[in-house]
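What follows is the residue order along each chain.
2 protein chains.
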Amino acid sequence: MLGNFSYCNPTKLYFGEDAISNLSSELKNYGENILLVYGGGSIKKNGIYDQVITILKDCSKKVTELSGVMSNPTLDKLYEGVKLARENNIDFILAVGGGSVVDYSKALSASVHCNEDPWEKFYLRMEDPDNKVVPIGTILTMVGTGSEMNGGAVITNTKDKLKIGKVFGENVFPKFSIMNPKVTYTLPKYQMVAGFFDIMSHILEQYFSNTDDNTSDYVMEGLLKSLIHSSLIAVKNPEDYEARSNIMWISTWALNTFVAKGKSTDWMVHMIGQQVGAYTNATHGMTLAAVSIPYYRFIMKDGLNKFKRYAINVWNVNPEGKTDEEVAKEGLDAMEEYMKKLGLVMKISELGVTEDMITDIAKSSFILPGGYRVLTTKEIETILKECM
Amino acid sequence: MLGNFSYCNPTKLYFGEDAISNLSSELKNYGENILLVYGGGSIKKNGIYDQVITILKDCSKKVTELSGVMSNPTLDKLYEGVKLARENNIDFILAVGGGSVVDYSKALSASVHCNEDPWEKFYLRMEDPDNKVVPIGTILTMVGTGSEMNGGAVITNTKDKLKIGKVFGENVFPKFSIMNPKVTYTLPKYQMVAGFFDIMSHILEQYFSNTDDNTSDYVMEGLLKSLIHSSLIAVKNPEDYEARSNIMWISTWALNTFVAKGKSTDWMVHMIGQQVGAYTNATHGMTLAAVSIPYYRFIMKDGLNKFKRYAINVWNVNPEGKTDEEVAKEGLDAMEEYMKKLGLVMKISELGVTEDMITDIAKSSFILPGGYRVLTTKEIETILKECM
Numbered sequence: 001m002l003g004n005f006s007y008c009n010p011t012k013l014y015f016g017e018d019a020i021s022n023l024s025s026e027l028k029n030y031g032e033n034i035l036l037v038y039g040g041g042s043i044k045k046n047g048i049y050d051q052v053i054t055i056l057k058d059c060s061k062k063v064t065e066l067s068g069v070m071s072n073p074t075l076d077k078l079y080e081g082v083k084l085a086r087e088n089n090i091d092f093i094l095a096v097g098g099g100s101v102v103d104y105s106k107a108l109s110a111s112v113h114c115n116e117d118p119w120e121k122f123y124l125r126m127e128d129p130d131n132k133v134v135p136i137g138t139i140l141t142m143v144g145t146g147s148e149m150n151g152g153a154v155i156t157n158t159k160d161k162l163k164i165g166k167v168f169g170e171n172v173f174p175k176f177s178i179m180n181p182k183v184t185y186t187l188p189k190y191q192m193v194a195g196f197f198d199i200m201s202h203i204l205e206q207y208f209s210n211t212d213d214n215t216s217d218y219v220m221e222g223l224l225k226s227l228i229h230s231s232l233i234a235v236k237n238p239e240d241y242e243a244r245s246n247i248m249w250i251s252t253w254a255l256n257t258f259v260a261k262g263k264s265t266d267w268m269v270h271m272i273g274q275q276v277g278a279y280t281n282a283t284h285g286m287t288l289a290a291v292s293i294p295y296y297r298f299i300m301k302d303g304l305n306k307f308k309r310y311a312i313n314v315w316n317v318n319p320e321g322k323t324d325e326e327v328a329k330e331g332l333d334a335m336e337e338y339m340k341k342l343g344l345v346m347k348i349s350e351l352g353v354t355e356d357m358i359t360d361i362a363k364s365s366f367i368l369p370g371g372y373r374v375l376t377t378k379e380i381e382t383i384l385k386e387c388m
Numbered sequence: 001m002l003g004n005f006s007y008c009n010p011t012k013l014y015f016g017e018d019a020i021s022n023l024s025s026e027l028k029n030y031g032e033n034i035l036l037v038y039g040g041g042s043i044k045k046n047g048i049y050d051q052v053i054t055i056l057k058d059c060s061k062k063v064t065e066l067s068g069v070m071s072n073p074t075l076d077k078l079y080e081g082v083k084l085a086r087e088n089n090i091d092f093i094l095a096v097g098g099g100s101v102v103d104y105s106k107a108l109s110a111s112v113h114c115n116e117d118p119w120e121k122f123y124l125r126m127e128d129p130d131n132k133v134v135p136i137g138t139i140l141t142m143v144g145t146g147s148e149m150n151g152g153a154v155i156t157n158t159k160d161k162l163k164i165g166k167v168f169g170e171n172v173f174p175k176f177s178i179m180n181p182k183v184t185y186t187l188p189k190y191q192m193v194a195g196f197f198d199i200m201s202h203i204l205e206q207y208f209s210n211t212d213d214n215t216s217d218y219v220m221e222g223l224l225k226s227l228i229h230s231s232l233i234a235v236k237n238p239e240d241y242e243a244r245s246n247i248m249w250i251s252t253w254a255l256n257t258f259v260a261k262g263k264s265t266d267w268m269v270h271m272i273g274q275q276v277g278a279y280t281n282a283t284h285g286m287t288l289a290a291v292s293i294p295y296y297r298f299i300m301k302d303g304l305n306k307f308k309r310y311a312i313n314v315w316n317v318n319p320e321g322k323t324d325e326e327v328a329k330e331g332l333d334a335m336e337e338y339m340k341k342l343g344l345v346m347k348i349s350e351l352g353v354t355e356d357m358i359t360d361i362a363k364s365s366f367i368l369p370g371g372y373r374v375l376t377t378k379e380i381e382t383i384l385k386e387c388m
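From first to last, the protein sequence lines stand for chains A and B. For the record, in the first sequence the residue sitting at position 356 is 356 according to UniProt numbering, with numbers rising by one throughout. For the record, in the second sequence the residue sitting at position 162 is 162 according to UniProt numbering, with numbers rising by one throughout.
If we strip away everything but chain A, and leave its shape as in the complex, we get (with noise of 0.2 Å):
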């Protein structure tokens, strides 16, 4: 049931081939003052970093870079991106990059003029900035996260070895995100079909929750069904327009808090997988991939209507003459299929996990309590035995 909530989400996207001509009418509701956030120098290889360049200089605009963003962004980093955007009297930071730059750059647009330590303030004590936020404005170069139109933002603290997720609210959403489909094709096909799944975990710990009536499920299911026809398509000519557009703009609806809506969310198969992640240094979406058949077949039971559904209204498993829990098991079945025809990895000692771990990673999981089941740390190690 649609309980009570509320939605709001102001980020202005540009999709397409030449989303990018948007770039300098945006800017100039800006000031002069830019930091251009971006990674390990990909940007210059594929030709967007001269790009943007050339238009930030025909706005007549002072560029300050800061290059070198992390996949798991640090909070010495962050620290550093404070010093320079205050020594530079930033009025935009203009991130150009995957997830991480995105989030990096929403970390330090509400850090910039905060009085405090942004750690303590914002993912200690999970307080909201009360001091200006820079605006910032994403270049998206990488499909998966969804941070081009949400607050989210997960910076790692490396001396404390803690890994926080800050959601902060719309006054820190991107004001406009640049998607260009064509951008993703270089990507690698290891990292490409790891963001695929990614994307359909973002969808799945969305979608395993509730016993209610909700008009996110069947929107969930349509978004879940577009993603798997192009994915099919994509993982054989990853240079398809059709494929690769649509899962970018699956990607973003995703996670833009649309379907969340009305809505109790799981989260366990990241919660689980991040943990694999801290243990291997794993790519994010492969630890994700080999987590969820196998925790998906525990807690099925428990939510077994909506496995049925699932396997039903997402695998068009046929249900007839058939009990509840075999519908729901060929479901399971029918995506794990799926899983494999894309290449992605089943087992996490293929990522790297050795026994001894086990235990440990079970134990450094966060339990989180959304979904059909709320686990224990016993039965999250049951099901890292099952993912070996």
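Treat the hints with caution; some may be incorrect.
Here chain A is said to cover these stretches of chain B; the calculated rule only asks that three of the stretch's residues, wherever they fall, bring their Cβ under 8 Å from a Cβ of chain A [said to hold, decoys possible]:
1. 5 to 16
2. 353 to 367
Some chain B residues well away from chain A (every beta-carbon gap over 10 Å; in silico) [unchecked claim]:
3. S67
4. R125
5. K161
6. T186
7. A260
8. T265
9. K322
10. E325
Keep in mind that the hints were calculated from the coordinates and are not lab data. Everything numeric in this text was worked out from a predicted model, so none of it was measured. Yeah, the Cβ is synthetic: ideal placement off N, Cα and C, and Gly gets one too.
With chain A fixed as given, assemble chain B onto it according to the hints.
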């Protein structure tokens, strides 16, 4: 295929039984002179008026009332509102009602500070406001139009017999909309089911277009399935909160621009239905219902693949051993059965159309090019005869 487009929807939605509790905190963001806009006074019977007045007084607002907004808001009424808003130096417009009241309030918000004739500028020349726009908020009392989260504002010029739908940009979208599904319980059944079909038609007229592979089509199939499911519950029990809340939510997302992204759109059912309405003054949703099945049967062969897909994905038609045409036809038959179950009017003759009106209705119907077939006036006449 998802081509070049932009998306932005800054309206904040407060949804649920307690949605109105957010009104006072929202009002704090705006000046003290409030124009309260409503229709024929049903909000005085159901208690919403008293509730809103109390909140406005508690917020120390100075309230000017503008009542009597009719179901097809007229240009004369718009001029009346402009005069009243100027005289009272209005800072904020609060619209309490259904689509007509909200449409009217948007037109007014753009017109108050417009130095030219707003009809000439916004409706005939289709320009956007370059003047200050008075912000508006809405308290929705009826569902169907989606006006609570878009820029649509239909105004009727009775003197020139012109009804024009202007779509304003994001600066005219409501700043917030308050949506309590329980408020919709008291609507008579005839109006209720007409509203349900208005929503369905909004989705279908965006669904039946293009031949490419578009995520929006999958999302619309989800919205349609949820709407069909919930409307069949609501028609038996109008006070089923789950059903009514889902329908209210679907109504917003059917016409807030999301599902239209990357697609062309048809809208011929609205064009023909509106002219049936112009000649009979019949309820909007019923005119759409009475026109839809003959229209879709007429264009079915032009978009056969999509009609086949519609049959399978929305109406669960089993395609085995059938031609594409048989499958597509079965889908439309299932839709017709569903419409009869809801109690919709299936013939324009029952809405007051007589044989002698048909040529004039056809001639006056605006022909749009976005669908599977660009109709001729002669073809519209043929369709209208099928609708008798």
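Hint by hint, here is what the structure shows:
Coverage of the segment 5 to 16 of chain B by chain A holds in this model, with 12 residues showing a Cβ closer than 8 Å to a Cβ of that chain against a need of three. For the segment 353 to 367 of chain B, the stated coverage by chain A is violated: 0 residues have a C-beta nearer than 8 Å to a C-beta of that chain, whereas at least 3 were required. Non-interface call for B:S67 relative to chain A: holds, since the shortest CB-CB distance, roughly 28 Å, exceeds 10 Å. Non-interface status of B:R125 relative to chain A is upheld: no Cβ of that chain comes within 10 Å, the nearest being about 23 Å off.
Every CB of chain A is more than 10 Å from the CB of B:K161 (nearest about 38 Å), matching its label as outside the interface. Here B:T186 stays apart from chain A, with its beta-carbon at least about 19 Å from theirs, past the 10 Å limit. The claim that B:A260 lies off the interface holds: its Cβ sits roughly 13 Å from the closest Cβ of chain A, which is beyond the 10 Å cut-off. Its beta-carbon lying about 17 Å from the closest one in chain A, B:T265 satisfies the requirement of being farther than 10 Å from that chain.
For B:K322, the shortest C-beta to C-beta distance to chain A comes to about 17 Å, beyond the 10 Å cut-off, and the non-interface label holds. Distance to chain A confirms B:E325 as a non-interface residue, since its nearest Cβ pair spans about 22 Å, more than 10 Å.
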